[in-house]
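Protein sequence lines, in the order shown, are assigned to chains W and F.
Residue numbers for the first sequence follow our numbering, so the first one is 751 and each next one is one higher.
Residue numbers for the second sequence follow our numbering, so the first one is 751 and each next one is one higher.
It is worth saying that the hints were derived from the structure and are not from the lab.
Every clue listed holds true.
A pair holds if it fits inside one copy or across any two, identical chains being indistinguishable in the list.
Cut-off 30 Å, straight-line C-alpha distance, at most; resulting in silico cross-link-like pairs (DSBU-like, lysine-lysine):
1) Lys-752 to Lys-866
2) Lys-866 to Lys-892
3) Lys-752 to Lys-892
4) Lys-922 to Lys-1053
5) Lys-802 to Lys-922
6) Lys-1068 to Lys-752
7) Lys-1009 to Lys-922
If you're wondering where the values come from, they're calculated on a predicted model, not measured in any experiment.
Number of protein chains: 2
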Amino acid sequence: MKPRFLTLAHGAGGVETEEILNHLLISRVPDYLTRALGGVGLDVLDDGATLKLGDKHVVLSVDSYTVTPPFFPGGNIGLLAAAGSINDVLMMGGRPVAMMDAVVAQEGFPVEDMEKIMESFVNTLEENDVALIGGDFKVLPKSDLNGVIISTLGIGVADRVIVDRNLAPGDKIIVSGPLGEHGATILALQYGIDLEEAQLRSDVKPLTGLMLPLIEEYGEHIHAARDPTRGGLAMTLNDWASSSGTVIVVEEASIPLRKPVVAYAEMLGIDPLSLASEGVAVLGVAPTVAEDVVERMHELGFKHASIIGEARSSEKYKGYVLYRSAVGGVRILEPPRGELVPRIC
Amino acid sequence: MKPRFLTLAHGAGGVETEEILNHLLISRVPDYLTRALGGVGLDVLDDGATLKLGDKHVVLSVDSYTVTPPFFPGGNIGLLAAAGSINDVLMMGGRPVAMMDAVVAQEGFPVEDMEKIMESFVNTLEENDVALIGGDFKVLPKSDLNGVIISTLGIGVADRVIVDRNLAPGDKIIVSGPLGEHGATILALQYGIDLEEAQLRSDVKPLTGLMLPLIEEYGEHIHAARDPTRGGLAMTLNDWASSSGTVIVVEEASIPLRKPVVAYAEMLGIDPLSLASEGVAVLGVAPTVAEDVVERMHELGFKHASIIGEARSSEKYKGYVLYRSAVGGVRILEPPRGELVPRIC
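In isolation and in its complexed conformation, chain W is listed as follows:
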């Protein structure tokens, strides 16, 4: 049954988001208008879209960042917006070259806070050699907006685009580091928990230093790549299984999770695998190079990178994610549902 009003779950990045987006938008777009100039578009639903010009692909990714509070341990909304859009470009196989931004701020927002946010934003671009080529700026009355929203366009150039539905049976699933750190941090902040005591801190960071070498050295062997933000690893793997028609099997014992994140998620009854990361890459890599890729990730400073499972072909479990617990037993890892956390990223 069609809902009458939008709920927080519709914006949480899980099952309900897919449903409402399909209802409101995707189902209205005629198939021939879901892509342009020989690129990938709505037909693929990846981290971004592409256009093909000459022998290069232009990678484009648009996101609105709405996190509250705008300052949090590990970063702020300016860093989040820059890193998030840089990472989306990287996950499509692109080298980030430029960005555009559209800021909508609340009347009465302190200029000093906005300075800090914009300083983080621009510094992050500069450190990653990404140009800022244009933008928009609006202010809404206090009665209409609380805080600030930054929408960004990440722009990259790729020789070869990584499209996640190309994940193939046999491919190994690799994560670059501990999961759920950003989500746990924002959730704890919103609940008023002492973060220092809880040992929580957002992992938000650009993954340029990780992904550019991997794309250059292992490009054609990286079949799928995503930064597991809203909906976390659970959503990423379910999307992949569904779009590639494989079953993905992951091993609890191999999944890097820090104790404070697990403890805190358990306390709130949330699966830590549904919590957002903002500085982690999930890759689907050909089995022949998977061990080498993990070793290279360690060299690049991602010392907790590990293979957590693999994609397989299966008629029975096609499209599902299976989770093998450390104490034995296998369950289906469902895509996340419900509200999770509002304004998390």
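Assemble the complex: chain W is given as a structure, and chain F must be docked to it using the hints.
Same frame as chain W, but now just chain F:
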């Protein structure tokens, strides 16, 4: 003196917007990072930015649309977002080919209203042969947002980019139709005025049917092009005079303005030339073809198109806009200041 808090004026698209953007953002970006891949960027501050790939320019324009109320006589925020970004691409000399969107909606927003908004959005793209290649969707708690914000990326391809600072002495200034209709309509709605009685209706529409023929037939002779949205004609012409180092002289008697817009603006003490249009093009055109361009605009259905003035070289008035009144006398047309209208587009 630096303001301590953001005000509505900072987001109104006038002088204060330029000042705060320069303070917060533009001054922080090192010069070499203001553009990418041989395109135009922050160094130009036009309707959008470009990248050069092979012999083509990719035109990109990002805007956040925040209009309230989201439905108004003549359209809604979905049509506004689609038309606005299509027009920004056209004003850079681009043929619009694709769009991406990021929607942020309030929890509890009626799904039926969102359906109407998205239907207008997608229909407008379809009518203009523009693909929808990706996007983002978030929902904020009622306490954090009133209504809906749609950020869009307009994407186009151009053989030749129109950069407004190329406006040259002698160029004629042409407007395609009556000014200020959108701004007057939204303002009247916000003041609770009976619009039918006031004979007001937004002019929001894509200008594809006007601009594609003009770009094809008169491309190299169109030196400047803009849709005068926030800040209206007054802001557009002041930007042009300042960036091109000319003085622009306009004639009151030639400027198309409908009586209800003038009457209503006078009542509120606002210069109608500062009110936003959402379906008007302002062009700066070589004098040799200016009459032909106006005639072609009439043929294309823009029957009120007219030459309203010209750019001249002047040491004394360089960077200014001079306004010659119908009853004689010349004054400086200042760029708009102050709050004007919040959430107008």
